[in-house]
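A.B. asks: Chains as they are written, first to last, in the numbering used here: chain C, 1 to 189; chain R, 1 to 544; chain S, 1 to 239.
I should point out that these hints are in silico values taken from the structure, not numbers from a laboratory. Note that the Cβ used here is the ideal one computed from N, Cα and C, for glycine as well. Worth double-checking, as some hints may not be accurate.
As the list claims (entries may be wrong) - Per label pair, the in silico range of CB-to-CB distance: (1) S:Ser57 to C:Ser46: 55 to 61 Å; (2) S:Thr193 to R:Gln149: 54 to 60 Å; (3) R:Glu440 to C:Asp25: 48 to 54 Å; (4) C:Pro171 to S:Pro126: 28 to 34 Å.
Claimed, not checked - Short derived list, chain S residues pointing at chain R, Cβ under 7 Å: (5) Arg48; (6) Leu51; (7) Leu54; (8) Gly56; (9) Gly58; (10) Leu60; (11) Pro62; (12) Ala65; (13) Tyr84; (14) Met87; (15) Glu95; (16) Phe125; (17) Arg172; (18) Gly173; (19) Cys176.
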Amino acid sequence: MTAPKLRFATVWLAGCSGCHMSFLDLDEWLFELAKHVDIVFSPVASDIKTYPEQVDVCLVEGAVANADNLDLALQLRQRTRLVISFGDCAVTGNVPALRNLWAEVDGGSRQSVLDRGYLELADRGAQHPHAPGIVPELLERVLPLHEVIPVDLFLPGCPPSAERIRACLEPLLRGERPELTGPDLLRFG
Amino acid sequence: MQLRCCGASGCRSAGAEALRTALLSARDQLGGAAEAVSIKSVGCLRLCGRGPLVALDRPEPSGAEPACRTELYAELRPEQAADLLARATGRGDALAAQRLDSDHPFFALQKSVVLEGCGVVDPESIDDALSHGTYAQLRRVLLDVSPEQVREQVKRSGLRGRGGAGYPTGLKWDTVALQPPGPRYVVCNADEGDPGAFMDRSVLESDPHRLIEGLAIAAYAVGADQGFVYVRAEYPLAVERLRLALRQARSKGLLGAGIAGSGFHLRLEVRVGAGAYVCGEETALLASIQGQRGTPRPRPPFPAQAGLWGAPTLINNVETLASIPVILRQGGDWYAAIGTEGSKGTKVFALSGAVQRTGLVEVPMGTTLRTVVQTIGGGVPGGEGPDGGVKAVQTGGPSGGCIPAHLLDTPVDYESLRALGSMMGSGGLVVMGDSTSMPEVARHFMRFSVNESCGKCVPCRAGTVQLAQMLDRFVERRASLVDLERLEELCRMVGATSLCGLGQAAPNPVLSTLRYFRQEYQAACRDPVQCEPLDACLLKEGTR
Amino acid sequence: MSVHTLTVDGEEVAVPAGATLLDAVRAAGAELPTLCHLDGLTPVGACRLCLVELEGSGKLQPACATAAGEGMAVLTQTPQLQAYRRMAVELFFAEGTHVCAFCVANGNCELQDVAVAVGMDHSRFPYQYPQRRVDASHPHFAIDHHRCILCTRCVRVCDEIEGAHVWDVANRGRECTIITGLDEPWGEVQACTSCGKCVDACPTGAIFRKDDTTAEKQTHRERPQLLRDAREKHQWQNQ
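Put together the whole structure using the sequences plus the hints.
C.D. replies: Put into structure tokens, the structure is as follows:
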């Protein structure tokens with residue numbers, strides 16, 4: 001008897017996509033994975049633009065940094081049974097959240113980072129990007145995923161190695177909760 | 001005839017200095033009978049909330065009992081000086097409206113032991129102190145009583161440390177005295193820092209010689225020849241009067257070499273704190289006296305074994321030491337007859353907050369909170385109902401807890417308060433009325449702990465910050481039930497793992513308000529998060 | 001030499017008088033995370049990771065700063081201790097700004113290691129992102145205060161082993177900061193001998209050599225003990 005396939009998604013929020021590259025490093029095991037799951041949403045393995053309903057497992061890369069990230073995070077939580085914070089940005093905020101260091105200074109972190117990026121460092125034509133509905137608004141603070149929605153599992157690493165991703169997914173495919181312990185499976189960075 | 005003008009901080013802030021100046025010049029102007037009125041500056045007359053206070057001692061017509069009647073006047077203004085002098089000389093009674101009822105429970109239910117000289121003696125005059133019997137016990141024990149016998153009396157008295165923890169004083173003295181031979185130190189902890197506490201300040205400002213006597217007796221009892229009084233810098237008047245008292249005592253041969261003709265030497269110095277609450281913690285205090293950063297260290301070793309410069313050191317609080325001369329005068333058994341089985345003697349409380357009568361209250365241990373707060377304090381101004389509008393009483397400052405009104409019949413003693421999740425603390429009692437928000441109270445104290453954490457250990461340094469932020473969520477009514485769980489979890493962790501008493505007790509205001517006012521925290525939670533986390537096992541076959 | 005016998009998680013172990021509970025735990029082969037402790041330096045009991053429970057009393061004591069006593073029964077891994085330890089590590093991560101990904105000490109960091117040891121896969125406490133300083137005024141070394149966990153190992157190694165007392169702690173509570181000299185730029189502190197002991201003592205990437213970049217920090221955390229043994233017991237390395 002073959003078990004019904006899990007509906008599997010990966011999401012890319014505010015991160016460098018390194019975690020997804022690491023996911024692709026699973027190489028031939030991806031074929032094994034494909035036997036057990038249907039990839040229903042993913043920036044690297046699907047062309048669907050809208051997060052679907054009734055997803056079983058979702059790997060979420062990246063911190064929550066802008067309005068789009070926030071909307072997608074809330075949406076995927078409602079439509080997903082098991083949400084996994086995938087990599088250090090989702091787990092801790094990591095590099096994207098460094099702008100929070102300016103949260104308490106004049107203008108706040110959003111303005112400080114935009115001014116720095118688009119005005120102070122511009123070679124020419126310095127101006128803030130402004131395209132309502134196209135360029136999403138930055139949140140004042142960049143948050144790890146679990147401060148926005150409940151998260152079921154944490155898979156730290158920058159990026160988590162392919163072995164670590166596999167160690168997390170394999171038990172899930174068997175319907176078991178993975179135990180990520182020890183430096184090979186748990187270490188930040 | 002005598003006018004005793006309160007010159008302690010409370011009345012000073014209400015204009016006691018101007019009043020006393022006005023009285024002196026009015027006496028000069030009036031002349032005649034008024035010249036016979038002595039005007040004396042004394043310490044705290046208890047009802048601090050209605051200062052400036054003046055006590056008038058009027059002799060009764062010959063043969064009457066008692067020979068002298070005392071009247072107490074409140075909220076006096078300098079322009080009323082002449083009226084007061086007129087009353088003193090038996091001409092007129094213009095200030096009847098400001099005369100306080102001396103039989104009122106606020107005064108009648110008090111029992112002055114520690115405060116017996118408070119409001120009676122002139123704190124700036126050693127001659128006045130001597131005429132009231134101060135230093136008599138020091139002289140007596142130095143000449144006639146062995147250190148062992150002194151410690152025996154203290155043990156018999158059942159006196160326990162008044163700084164908050166309630167460790168048996170006699171036992172502590174024995175521990176220091178019985179250490180191997182070598183130098184020893186005595187230290188008086190006068191770093192009273194709990195918000196709402198002003199017992200020790202009042203003793204220092206009102207009767208400093210009594211403290212010096214108690215400290216000197218303690219030094220003799222444990223074999224120390226050097227001691228320190230560690231006072232916080234925020235008590236300038238107390239520091240000034242203590243320094244003056246030490247100079248006076250030295251000049252009378254009551255400190256220094258060969259005290260009172262005995263072979264006992266004692267050098268006492270004042271050390272002024274620099275504004276860190278944590279320096280009230282004994283190991284931090286010792287570090288501060290040694291000139292180091294005022295941070296606590298793990299115990300054991302306890303200061304009684306290894307304190308100042310590694311030597312056995314006795315540390316007692318002001319009120320504890322100020323009890324000693326009376327205990328030796330009246331005997332340990334006399335003292336032990338006051339109070340309850342486990343908590344002997346009297347306790348001084350600083351009553352403040354939403355209460356009609358604010359001030360200094362000394363009552364026997366075991367007096368109920370209701371007596372102190374409602375009978376003595378008069379409850380909340382305008383308060384109604386059986387509990388007089390009292391919602392809770394906060395004891396023990398940032399280390400203590402809030403005791404709800406329905407437990408007001410609890411006797412005040414170490415064990416009872418601890419059983420309620422609060423603590424005796426040094427003696428601050430802050431009354432809270434019905435409109436008080438308990439998460440806000442908890443946040444107030446947590447912010448205090450955030451600001452006063454020394455930063456040495458992580459549970460206190462970082463844990464209090466997180467607790468204060470979680471409490472923000474409750475105060476701003478944006479918390480979730482997950483927050484409530486996490487709040488309790490972190491409270492337990494900070495309490496169990498912090499290095500010193502400050503951190504260990506920092507969660508108490510939260511835990512005690514959670515215990516008695518949990519519904520206020522629950523009401524501050526918005527809807528539970530839309531999606532509860534699901535467990536991975538749900539993915540097992542068949543459950544899909 | 002007198003010996004104390006005690007049990008660690010039920011295992012009997014004998015240690016010389018004067019040994020700490022941490023010595024006893026190690027002698028028993030048990031593992032206990034530490035951060036502020038460094039062999040050779042005076043213990044301060046500040047990080048609270050090595051707290052153990054004394055059976056019977058239920059009291060928690062820092063193993064590094066508590067003398068081992070005859071007949072003690074030490075528990076190192078109760079569920080409660082494990083929960084407290086994990087929270088302590090979360091508090092450390094949340095109060096500073098620790099980004100392992102590009103840290104000079106990535107892969108050689110005691111904070112990173114204790115997170116693994118206590119099974120901390122995320123911090124339940126929000127990160128604080130305090131604005132702290134970076135002092136790169138010293139010719140060879142630098143300090144990034146964002147990575148400092150206030151263990152004071154640099155303070156102690158400089159004071160107790162090097163004898164220079166360049167480092168100290170200023171302010172209190174969350175404002176606490178490690179300072180050089182009288183809160184001067186490190187490079188201007190004449191007392192500094194540039195010996196680098198603070199770099200070796202630092203458990204994280206807070207104090208580092210300027211030559212080192214991401215994940216390149218190498219440390220010799222055994223050196224304070226070696227130096228102390230050399231001085232006090234005349235145990236030299238080349239003999």
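A.B. asks: Broken hints, numbered, in rising order?
C.D. replies: 7, 8, 9
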